Amino acid sequence: MAIVTALLSFASVIAAKLSADEVKAWLPWLARRLVGLAVKILRENQRERYGEEWPGYISEIPGDIGKVLAAIGFVFASLAIHHESSEPVQIRANTGAPDRAGRSAYTPGSLNFGLLPEPEDRSAGFIASSILNTIICALVLYIDGAMRLIPYPGPANFLIR
Amino acid sequence: MQCPPGGLSGAEIARATGLASGTLYPILFRLEKSGWFKSHWEEVSPSEVKRPRRRLYVVTALGEAEAWTAFREVTLDMREPLWQL
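Chain order of the listed sequences is A and B.
Mapping to our numbering: the first sequence position 108 is 108, numbers consecutive.
Mapping to our numbering: the second sequence position 85 is 85, numbers consecutive.
What the hints contain is simulated information worked out from the structure, not anything from laboratory work.
A couple of the hints might just be wrong.
To be verified - Straight-line Cα separation of at most 27 Å, DSS-like style, residue types lysine-lysine; simulated pairs:
| id | chain 1 | residue 1 | chain 2 | residue 2 |
| --- | --- | --- | --- | --- |
| 1 | A | Lys-40 | B | Lys-50 |
| 2 | B | Lys-50 | B | Lys-38 |
| 3 | B | Lys-38 | A | Lys-40 |
| 4 | A | Lys-24 | A | Lys-40 |
| 5 | A | Lys-40 | B | Lys-33 |
| 6 | B | Lys-50 | A | Lys-24 |
As the list claims (entries may be wrong) - Derived coverage of chain B by chain A (criterion: at least 3 residues anywhere in the stretch with Cβ under 8 Å from a Cβ of chain A; other residues may be distant):
| id | region |
| --- | --- |
| 7 | 18-26 |
| 8 | 46-56 |
Bear in mind the structure is a predicted one, so any value in this text is a computation, not a measurement.
C-beta atoms are modelled at their ideal positions from N, C-alpha and C, and glycine is treated no differently.
Generate coordinates for the entire structure from the input sequences, incorporating the hints supplied.
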């Protein structure tokens, strides 16, 4: 039994190492693909600029996971830029004051594509928030499923003597 | 609002502001479109520096003036008593 346990441990260590190496090798490729996707989302006249600017940004970030996260951010950024490049921009110094249409004026930093989406009447914000929400829901369901596989130890028997 | 004369790259602005790339670039896009910022390519050869060129962002005179106006308004608002807001 001890030999089987030792062999299983050895095999799992090797499998973990191989998996880590594999993931590490694929992350730069994934980051490049995501930047490529983000650039494709942009309008024709913006692709050349951001196609050169964003790889430069990525190259300044240390670590492969950071590069992938930044590349995911570029996908959301390109959705927003694509949408905003079609509408006239009016930035007012008076932050928070309503514009002529009665909407709140744009405030730098108010665009939020974080985990908790803000209610926005922009399609880019809606799409980005929907994608993020789907990812979060899938992650929660996955963790829930994984937790259910862990056998329930029952009531705290060690307390009952 | 202190900006180096050469400008800052997107990654440097992200580090300074703590904004993620997905939030930062739409903001930069809007600021540049409205004339608050302007940008230009770094004058280096990618083959020499062995990395892609960086796009450098500089605050324009208009952007600086508008930013100071906004800053003053915010600080004035903060001085007002709560019941006057």
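Hints and how they fare:
1. A threshold of 27 Å between alpha carbons decides the hint, and for A/Lys-40 with B/Lys-50 the separation of about 25 Å falls inside it, so the pair holds.
2. The suggested pairing of B/Lys-50 with B/Lys-38 holds, with an alpha-carbon distance near 25 Å, which does not exceed 27 Å.
3. For the proposed pair B/Lys-38 and A/Lys-40, the alpha carbon gap of about 24 Å is at most 27 Å, so the pair holds.
4. For the hint pairing A/Lys-24 with A/Lys-40, the CA-to-CA distance comes to about 25 Å; that is within 27 Å, so the pair holds.
5. Of the pairs offered as hints, the one joining A/Lys-40 and B/Lys-33 holds, with about 21 Å between alpha carbons and a cut-off of 27 Å not exceeded.
6. At roughly 22 Å between alpha-carbon atoms, B/Lys-50 and A/Lys-24 fall within 27 Å of each other, so this suggested pair holds.
7. Remark: the region 18-26 of chain B is confirmed as covered by chain A, as 8 of its residues place a Cβ nearer than 8 Å to a Cβ of that chain, reaching the required three.
8. Counting residues of the region 46-56 of chain B whose CB lies closer than 8 Å to any CB of chain A gives 5, so the stated coverage by that chain holds, three being the minimum.
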